[in-house]
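In order, the protein sequences belong to chains A and B. The opening position of the first sequence corresponds to residue 2 in this note's numbering, with each subsequent residue numbered one higher. The opening position of the second sequence corresponds to residue 2 in this note's numbering, with each subsequent residue numbered one higher.
No lab work stands behind these hints: they were computed from the structure. Owing to the predicted nature of the structure, the values given are computational and were not obtained by experimental measurement. Keep in mind that a hint or two might mislead.
A pair holds if it fits inside one copy or across any two, identical chains being indistinguishable in the list.
[What the hints assert, rightly or not] Lysine-lysine pairs mimicking DSS-like chemistry, simulated, CA-CA at most 30 Å apart: (1) Lys343 to Lys107; (2) Lys152 to Lys343; (3) Lys585 to Lys644; (4) Lys222 to Lys328.
What follows is each chain in one-letter form.
2 protein chains.
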Amino acid sequence: MNEINSLSNFFNARGVAVLGASTNPNKLSYGIVRNLIQYHYGGQVYPINPNTNELLGLKAYPTIASVPDPVDLAVIVLPVNTILDVLTQCGERGIKNVIIITGGFKEIGLEGAAIEQAAAEVARAYNMRVIGPNCVGALDVYTGLDATFLKGMPDRGPIAFISQSGALCGGIVDLFVDSGVGFSHFVSLGNEMDVTESDMLAYFDGDPHVRVIALYVEGLKDGQRFMRLAREVSRRKPIIMLKAGRNEAGARAVSSHTGSLAGAYTAYQAALKQSGVIEVDTVAELFNTAWALGTQKLPAGKRVAIVTNAGGAAALASDSLAAHGFKLASISAETQAALRQKLNPSAQVANPIDLLGGATPEEYLWSLSQLQKDPGVDLLLPILVPQALVSSMDVAQSWVEAAKLGEKPLISCLMGHHSTQEAATFLNRSGVPVYTYPDQIGPVCQALADYENTLSQPAWVPAQPAGVDLQAGQRALQALTGKKTTGEVETRPLLQAYGIQNVPGGMASNVEEAVLLAEQVGFPVVMKIVSDDILHKSEAGGIKLNIHNQEQLRVAYNEMMRDVTSNVPGASIRGVMVEAMASKGQEVIVGLKQDATFGPMLMFGMGGVLVELIKDVSYRVAPLSMAEIYAMIAETAAGQLLKGYRGGPAADLQATAEVIARLAQLGLDHPEILEIEINPLVVYPQGRGALALDSRMILKA
Amino acid sequence: MNEINSLSNFFNARGVAVLGASTNPNKLSYGIVRNLIQYHYGGQVYPINPNTNELLGLKAYPTIASVPDPVDLAVIVLPVNTILDVLTQCGERGIKNVIIITGGFKEIGLEGAAIEQAAAEVARAYNMRVIGPNCVGALDVYTGLDATFLKGMPDRGPIAFISQSGALCGGIVDLFVDSGVGFSHFVSLGNEMDVTESDMLAYFDGDPHVRVIALYVEGLKDGQRFMRLAREVSRRKPIIMLKAGRNEAGARAVSSHTGSLAGAYTAYQAALKQSGVIEVDTVAELFNTAWALGTQKLPAGKRVAIVTNAGGAAALASDSLAAHGFKLASISAETQAALRQKLNPSAQVANPIDLLGGATPEEYLWSLSQLQKDPGVDLLLPILVPQALVSSMDVAQSWVEAAKLGEKPLISCLMGHHSTQEAATFLNRSGVPVYTYPDQIGPVCQALADYENTLSQPAWVPAQPAGVDLQAGQRALQALTGKKTTGEVETRPLLQAYGIQNVPGGMASNVEEAVLLAEQVGFPVVMKIVSDDILHKSEAGGIKLNIHNQEQLRVAYNEMMRDVTSNVPGASIRGVMVEAMASKGQEVIVGLKQDATFGPMLMFGMGGVLVELIKDVSYRVAPLSMAEIYAMIAETAAGQLLKGYRGGPAADLQATAEVIARLAQLGLDHPEILEIEINPLVVYPQGRGALALDSRMILKA
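With the rest of the complex left out, here is chain A (with noise of 0.2 Å):
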């Protein structure tokens, strides 16, 4: 279905009908009325009480059915019990639209759970979409169909916001009423027993008023649509989450046997990363960026032009800049000169330009002026501490002045409250984003530069291993049915069929078949017990290295099984690994974990003891393209060493990346296959390749 059709009339509708609207003030109900028609809503409003004739100088309708055309959205704002009732005479009437603000459904247990499910069921059968139950609403900033009962609306701009609390959206309203920051939507998903965050993305893609999408997310529902939708439209408008519950989702990892592969919330910044959403950490952060990105051209590069009338607010700005990966700019010794011409001989130009303490509105805008034209600077950055001696307002409209003489980026801080307050709205209404913080500056500027990654990112092609043996695969797994964790003997066979190379080797049921086997591999070797009831080999005399013949492989047998079954009594053995002695090579960790939201997510790392101290892995969600491999490999320290630290030589990094893609191809044909790990990967020098050297399984039970 197309979701912008489907979704439109939520915004567009001709007409609306308030369902339980309530004549008492003190109800949600009367709110929402009282806004459709506080806001200049062009379309209709038809409140639906038996009880009244008139509300709020509208007439009154005790049914939908007895409502006039047009009615495009239903607003349900009536008990729990009588939803199923009213949603289908909802959709008797034709009505394709439904917004249900009521709670009492699955959030507070399973028999509103129940409802909801059977909601679902009747506006299915009626082709509606649904926002909610349990939400705010939705409203558009444009068309004034403001259908919640939120009090206040901010001013109209770039910034649609979708939200899963509707509090949240309340807050939001009251924080920027006001404030000259622009929005265009507020949308309330509630329970989202229908319209999810990827609906909505669609659907804000192709309203020319939406030009970046704000999201708090607790947890999405349809983790891999979404990243297929962000990676498109991120293409086309900024989109920029604060994800909440993210300490919970760690606390829920199930961590594997090295402790490592980390939980939900890992799989949501990679997932994140990959699909072009830029992620913050504070809900001021969310909107200091979504505010930039919807009023700023992109900055060529990272070199920033401070101009100020405060040296310490000018160093924090630097600081935040830097941490952030961007640097002042040199500043041309052109336009120094320039800038001497006119400023108190005792200020500053160069950057920080520092106009010092009583710098008027003609020096900001003389020399914002000249920085606009020096070429050696990519984006503006006027701060004012407020002055007893000089106007704040003054001074902001210089600023306002000064970004129209040039096609440069121009962000601001207004370092005050009480004396700024009327200067920073008039800012924000001038397309000026103001921040109050020098130290916010960062981020913003962060989140710029990561848009202007994700514009230049060459399309997404997904990784198509070659090679793959899809019934080999089919056959080592049908044989595993019942089995739960599983190690190197059951894993090797997967791993085979999908092209990853064991070290050469087998099982031996007793000291005659591991002796054939070691002639075949080829000495010298290494024996491994086998045994479910073993946890660590080593430990329990389970391991030999080097042996160099068949003598001291009769040796080595006989003592391991002694010394095993002394040390686990009771244990069972199922025999022997015996495997060619690998030569040395650099030791990393790969592995697969299925996640709750998004599928299948890989793992990259140092192999070895130290992966759990120093935590060098990087995650990626599949499917997933060979650059975000590599990506995936470069971010970490042993992706480092792979490509030659230190004059060391540069191992197969193309092999490396084959292991990934390959192990991720598995996890999305085998979502039974809960979690995979090769550890350690042996990765030999470019050209000869990887050898996995260990590998076990969890699998669905």
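Dock chain B against chain A, hints included.
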């Protein structure tokens, strides 16, 4: 000199003279006289201006000499070229406290610096204490002595703010006027000709109105003195610092051979931590934490109870708390039952306690009063997102009431602006700190915990390593006069003098000496080239390991000489080091670097090639206690490995700590050692010591 007596008149003068008091309301000096009158300062105000008889209703005097008693403080706002005369006049008049507002001193160059130095000499001659020059002045919110030209005055309260940026003081006043956040003092230190942060710390330590000290610092003049004072004062009053110029400092860092000994900001971080100063990252955090520390008791533990009307806001607060070491309290069954009695049946009574959108003041009060009694709760956090139907002010009143019902700290969040400002001011004025964003809560709580931790530290006793041979150290250094960089040969004797064990060995000038040395230390040995011209011994063929006998040694020697001279033609070769082949242990790096602000800074971390890649290093400033040394080790992954990680054997932690203590002593005794590095220090199992395998130094030229 006693700081309290000598600085007291800056804030308690019986009379204040303003030199250069203008009758023009657009001059800063006019603003100062106006402020002295406006804020009910009880003493005399004497405008000095030869061109008028009266200013703002006050009698004006032509010179400082003509001013009657009492006059304890002079505020100078006269051109820089008159300063020496005027300062002398003040001295002659018997004034002991002077604030120089005027700029144009060392901040503008050499000429200004010369005047500043001359002024300092005048001040010393007359025993005067001087704040400034180039500053905004100082004000005491309690006495009303406002000797600044700032506009506005915040409420009386616990926060003393010391700033190296005058403009920032103006911004802060503007931010907090009418916010209800209370201050005791503002001091703008300007160029710190005389009075520094350290002086102010000592003074504020003795002022009973000051309950918390907040600092904005660009660079400390007297790092060691600051540390000494801060370590003491922080036992009585929390000290919080925002350090600017962090990245520039980093860029200026002179990196050592490994590139990992970091620059000055690293020293600040270490020094602040060691002296109990809480470091914050942003201006907002500086005052957010100061306000909580100045108004709240410290929590007994880290268990927080959230009471909210918005789940999303609570989720964000939970994330922030968890990210800063706090957790959600488990609410007892008893408390939950009590909550149930009076709350909405749909309310969540587990933590976060979610009263739902329509939460009433009564529900907040009931919930918070129950939580005051729950022994499993250490801190209360009510959150309100403004709602159309609930009065924020009424809710705020319920919080203030709840705060009085028990002893627990209570901090709060009002996520709004437009409709919550009045309530926020009310909360702050009632001593309940309120923050706008839920994500601001974590850092505030962490500051409370950090301060609790400071108070619980045992008395600080500097490590005093035994068995240091001062004479031998002196001799070893004297032998190096004129050298700038040294290798192992020259560093070994110094380490030895300070009781740090080198691997047995020595330098040989020819093959025969080498053979002799090898016999002495015992085979197998290692041989390393000694040449000032060879930076990378290994690449040049200048290292031979595992030499087992005389014959091998002769062969190795000849090979080395051949390879080295062919790889580095023209290198001047001094000989070879012959050292015992040390047995394997854990390799760490230990270093020292003289920091311009704080003196010797110690470094500890993972040895080998990984040190640069993974930056597993920690820093401390000397002198330092053994407890600080152990903490420094424990902070790193290398330290975790030493402790015996994952069943590995515990290494000799004590010997490692001793080496750091000895290196610290060396740095304190000999500031001419700019850098010293032991890499690797090999640490053996517990009780078996640690050996310096290689070392180098950089000396003051």
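Consistency of the hints with the structure:
1. Lys343 to Lys107: between (66 Å within a copy, 23 Å between copies)
2. Lys152 to Lys343: between (48 Å within a copy, 28 Å between copies)
3. Lys585 to Lys644: both (17 Å within a copy, 28 Å between copies)
4. Lys222 to Lys328: Classified as between; 27 Å across copies, 39 Å inside a copy.
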